[in-house]
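Trainee: Here are the chains, one letter per residue:
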Amino acid sequence: MNYKVRTSWQVTWSVWHAMFMREILARATGNRMAWFWMLFEPIAVIGLMVSIRTLVLGREQVVLNAEFIPWLIIGLMGFFLFRDNMMRLMGAVDANRGLFAYRQVKPIDSVIVRSLVEGSVRSFVFLLFIAAGMLLGMEMNPDTPLLAIWAWFSLWMFGFGIGLTLSAVNKLVPELGNIARLLSLPLLLVSGVIIPFSVVPYNLREYFLWNPIPHGLETLREGFFSSYPVADGVDLLYLWYWILVTLVLGLILHLRYEMRLKAK
Amino acid sequence: MKEKLENKRSFVEISRSYPVWFMAGFFILMMTIYWGVIATDRYVSESSIVLDSPQINSPSLNFQTLLTGGGSAARSDMLLLRDYMLSVDMLKKLDKELDIRNHYNSSEIDWFSRLKDKRNSIEELHEYYIKRVTVDFDDYSQLLRIKVEAFNPEMAFEVGTFLINEGEAHMNKMGQRLATEQVDFLEKQVKVLRKGFDENLAKLIDFQNESGLVSAEGEIESVGSLIASLHGQLASLTAQRTAALTYQSSSSAEIIRLQAEIEALNDEINEQRASLAKKSGGALNVLSSEYQILDMNVQFSRESYSSALAALQSTRIEAARQLKQVSIIQSPTQPEYAVEPRRIYSIIVIIIITMLIALILQMVVMIIRDHQD
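Going down the list, the protein sequences come from chains R and H.
All residue numbers for the first sequence refer to the working numbering, where the first residue is 1 and numbers rise by one.
All residue numbers for the second sequence refer to the working numbering, where the first residue is 1001 and numbers rise by one.
Same shape as in the complex, but just chain R:
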């Protein structure tokens, strides 16, 4: 019984690989209809939002140079990517508690892997929606795919950064985690997902743009509609400041409180 000691990189890789397979299987086969809900939930939400928007603002095109339904789908998918990362990552540490018995598995692994799973699932669903939209004759093909991918990745990273921080915070101060859960609906409303920014009065827009999510969403839409009039002051760099800061904060928390996260 004399086998080579693996390097830490190899250990990390196999931990992530194993956990990824475990998570994604659980996600897809958790219950009989899991894969169905994965597709149907966004469809239902989009249908609901379309009807609400139609009721409030009428069917006419409020957004310049962008069809209404693709515009909404792209915004919602981008927001869901962020929200799922934020919400599900919070529970990642608790869900994988049993695995921390293995020395190789750290709490942060569960968070990283779950973010990867969420990101891949969301990206896959988004690609399906784009394909379906194009088959239905909607203007869903991205005009500048690279920009769209970059904005998608930025939103993902922002969700990951917030989720990483919250997963630690939630364990240390559970009240803060509850507040974060409460925030998810208001965030949907102020992020320009359903209501275009052109409707927001000019002098209020500045405050709305303190929220980093619209920066990502608007850039994502710009990637899809080449002549989409992006609201003034939208800057992906601002979103990246947030990403970097939240990532640093999350990593620091995980490093410092690793033991307390494992405990209980």
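Everything labelled a hint here was simulated from the structure, so no lab data went into it.
No false leads were mixed into what you were given.
Beyond 10 Å from chain H on every Cβ pair, some chain R residues (computed):
#, residue
1, His17
2, Phe36
3, Phe40
4, Ala44
5, Arg88
6, Phe100
7, Pro142
8, Asp143
9, Ile194
10, Val234
11, Tyr257
12, Lys262
So, partial list: chain H residues that the calculated Cβ filter (under 7 Å) puts toward chain R:
#, residue
13, Asp1139
14, Tyr1140
15, Leu1356
16, Ile1360
17, Ile1367
18, Ile1368
19, Arg1369
20, His1371
Predicted, not measured: the structure shown is a model, and the values here were computed from it.
Backbone N, C-alpha and C fix where the C-beta goes; we use that ideal spot for every residue, glycine too.
Got chain R sorted already, so can you dock chain H onto it with the hints?
Mentor: Chain H in isolation, oriented as in the chain R frame:
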């Protein structure tokens, strides 16, 4: 000497054990040198303008304008002007007048902020131009804010002034062309209508000359009244004859005279009646209907001619009103101090971002190192 060597070795060792921090420090150093020393000064000339036209727009307030922020003609004109200022056409003019290509790719400028056109193409220049010249439409105060960056103050000022002047001229040209086209069209129409009117009038006059009548209807009326008066005379003569026959022989001179007059009157009446309506041509009723048609033609062409004249006149006035005027809120500033690049700001941003990234990398490496069998 020995001490120095030891120092050097320890530095190498440190950098080897903290490769991430070493790279971050190196990057920060490079960027600081670039922003602090190498980057060439850029001078900024700013101006803000508003586009006025003497049109009076009736203010309409409804839900839609509230939602869209009241899209007015002035707004779309401003956006047109903005697009024109950033267009290749404008760039070509600028290049011809001020030679900005040579200005932007001069070798005195540092390599990163220089225009690097290897192909000498308009596309490269345009891409660069968009970076150096910004024209923003301020939605709130309905202003165009023009910002020109150049590598010496005079150039920035000149480009800014040129943009405003050229832009105004172009907007006027566009509005004027539309108006002059309308005026041209109307002038042509007026000419055609005038010709039609003349022709119709000439036809009417010819007809009058040919038939020897000024107005057939008047003729019919006068013939009618003539017949009526002849009938009157006839009646009185018949009465006289009946009266005379009671005391005179039928061969008396008076009876014969009366008889002759009555017959003459009858003949006259028949003749006049025949001239009112007759099967062969030249009768008054035929003439009258022909006359009416000609008369109507003349009247119709006169009316259309006069309305075209009125439209022409009002369009001419409208064309004069199409003139747009650029009102300058802030004339292009003459830069005295190089505002761009913002050296200290850029250095601080670079430091913060690099440190954050390095921190993340460092922690990720630490976490991975922690994984052990």
